[in-house]
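Use these hints to put chain C with the ligand onto chain Z, whose structure you have.
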Amino acid sequence: MYIDMDAYFASVEQASRPYLRGKPVAVVGSGKRTVIVASSYEAKRLGIKTGMTRGEAIRKLPSLVFVEGRNNKYVDTCVRIHEILLRYTPEVEICSIDEFFADLTGSLLLFPSPADIAAAVKREIGERFGITCSVGIAPNKLVAKIAGEFGKPDGLVAVEKDDVERFMEGLPVESIPGIGRKMKEALNALGIRTCGELRDFPVSVLRRRFGIWGDYLSFMARGTDPFRARDQGGLPRSIGHSMTFEKNIGDRVVIRARLLELSGMVARRLRKEKIVAKGFSLTLRYPDFTTLTKRMTLPFYTPNGRIIYETVTALLDSFRLKDAVRLLGVSAFNVRRFAANPSLFGGLDREERLWKAVDDVNDAFGECSLRPATTLLCVRHHWVISPAYRPVCFFS
Amino acid sequence: MLTRVGERVVAGVVFRKEGRKMELKWFLWKGRKLEIKETTYMWRERDGRELIHRFVVTDGKDLYELSYRQEGLMWFLEAVETDG
Ligand SMILES: [Mg+2]
Chain Z
1 MYIDMDAYFA SVEQASRPYL RGKPVAVVGS GKRTVIVASS YEAKRLGIKT GMTRGEAIRK
61 LPSLVFVEGR NNKYVDTCVR IHEILLRYTP EVEICSIDEF FADLTGSLLL FPSPADIAAA
121 VKREIGERFG ITCSVGIAPN KLVAKIAGEF GKPDGLVAVE KDDVERFMEG LPVESIPGIG
181 RKMKEALNAL GIRTCGELRD FPVSVLRRRF GIWGDYLSFM ARGTDPFRAR DQGGLPRSIG
241 HSMTFEKNIG DRVVIRARLL ELSGMVARRL RKEKIVAKGF SLTLRYPDFT TLTKRMTLPF
301 YTPNGRIIYE TVTALLDSFR LKDAVRLLGV SAFNVRRFAA NPSLFGGLDR EERLWKAVDD
361 VNDAFGECSL RPATTLLCVR HHWVISPAYR PVCFFS
Chain C
1 MLTRVGERVV AGVVFRKEGR KMELKWFLWK GRKLEIKETT YMWRERDGRE LIHRFVVTDG
61 KDLYELSYRQ EGLMWFLEAV ETDG
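So the protein lines, in turn, are chains Z and C. First residue of the first sequence? That's 1 in our numbering, and the numbers climb one at a time after it. First residue of the second sequence? That's 1 in our numbering, and the numbers climb one at a time after it.
Next comes chain Z alone, as it looks inside the complex (with noise of 0.2 Å):
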């Protein structure tokens, strides 16, 4: 069972204040600088897009009312819907901020029907957040996930394991999740626009246009999920943090000391998670949207936050920056447990007892309250929730 929450922040908003119901509503984060990151049906329904700025916005519809994020609420309510499909199966997997999948394949004893639970889940999530969902029921996660697109908003739409090639055969290619515009494009270039035709297509001639993913699509488009078996006990493949700054940054020395609270953030979360990485890149977004992302994979795997400072400001050396930055990102890759002691060299073990120290403070009393002094030139940014935050449950 596939759930997404319909519109999720702009509804939540919505709810929190009746008088926004039924009026095109966009979120937005708390800076002078930041796009939308949700909105309202209304406001879809009239072409309001996520990542529109505030400005484009305000020309295509001057009746939008813009409402300033709370990262919190969403957070909470998350963690919330969370509890509540709990109560059905122990197995749920939090995809992002508003999207589950719930595995029933054990909870069939103990309700009637993937259908019952489904229309539980959507009556109590209505009841107590006022929000709705659309909800998708099939045998894999793959179909689940499409069948839960297919009856947005407020939708419950069930597959059966028999009807999964009919349900499949007439919708279009890019309802699968991963076919994007380009590849759509690809695709009705061979003459093929729906699942159906590319399922009948060969897949010898697919493989040779797209590799191996010429297998997967083939295999999608008939509604088998090739990743089933992708999950590595719940290891992340990356973590990262970014910031969006209110005024674009060109002095190598701030972008430093923001490098180093990013490359902080990022130790954090490896050590919260018990995972260590061999792999760091650094992102950077200049004023005119210009991404460009390095990366480094050292030749042992580390959670230390000095070092991912280390690396990653060695990545900045090597650019020559053409302008200010707008964004900056640190993240790490290649990831694996914690096994044993991971520091290498000597010296470090201080440093390790150090950051576990300064992980203590921060958790008593907030984040940011103890923090490397280098960070104190800059002033404290604001920052947008990314839709693909999981949150770690910190209320039991």
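By construction, these hints were calculated from the structure, which means they are not laboratory data. As the structure is a prediction and not an experimental result, all values here were calculated from the model. Heads up, the beta-carbon is just placed ideally off N, CA and C, and yes, glycines get one too. Misleading hints may appear alongside valid ones.
Example chain Z residues on the side facing chain C (calculated, C-beta under 7 Å, incomplete) [claimed, not checked]: (1) Ala-15; (2) Arg-17; (3) Tyr-19; (4) Asn-72; (5) Asp-76; (6) Ser-281.
Just chain C with the ligand, lined up with the frame of chain Z:
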């Protein structure tokens, strides 16, 4: 229009037996008693170790955001929002 307030207030709350639910009934602000018609949203936030419960309520006319700090057992009126 949203106006930040950030003042301590006295609030009347009913703790329901069923569920772990708090229901706000009224609060005193500027010498007035405001009766709460409906709680439109509630959520929790962490401030370090402290748990804060936040409520958006309405007296049928304006919206009020109230917060309850669990550690100090204190209620605050955070903001008032009037339509238009
Ligand atoms: Mg959604």
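Problem set entry | Those earlier numbered hints the structure runs against, lowest number first | 6
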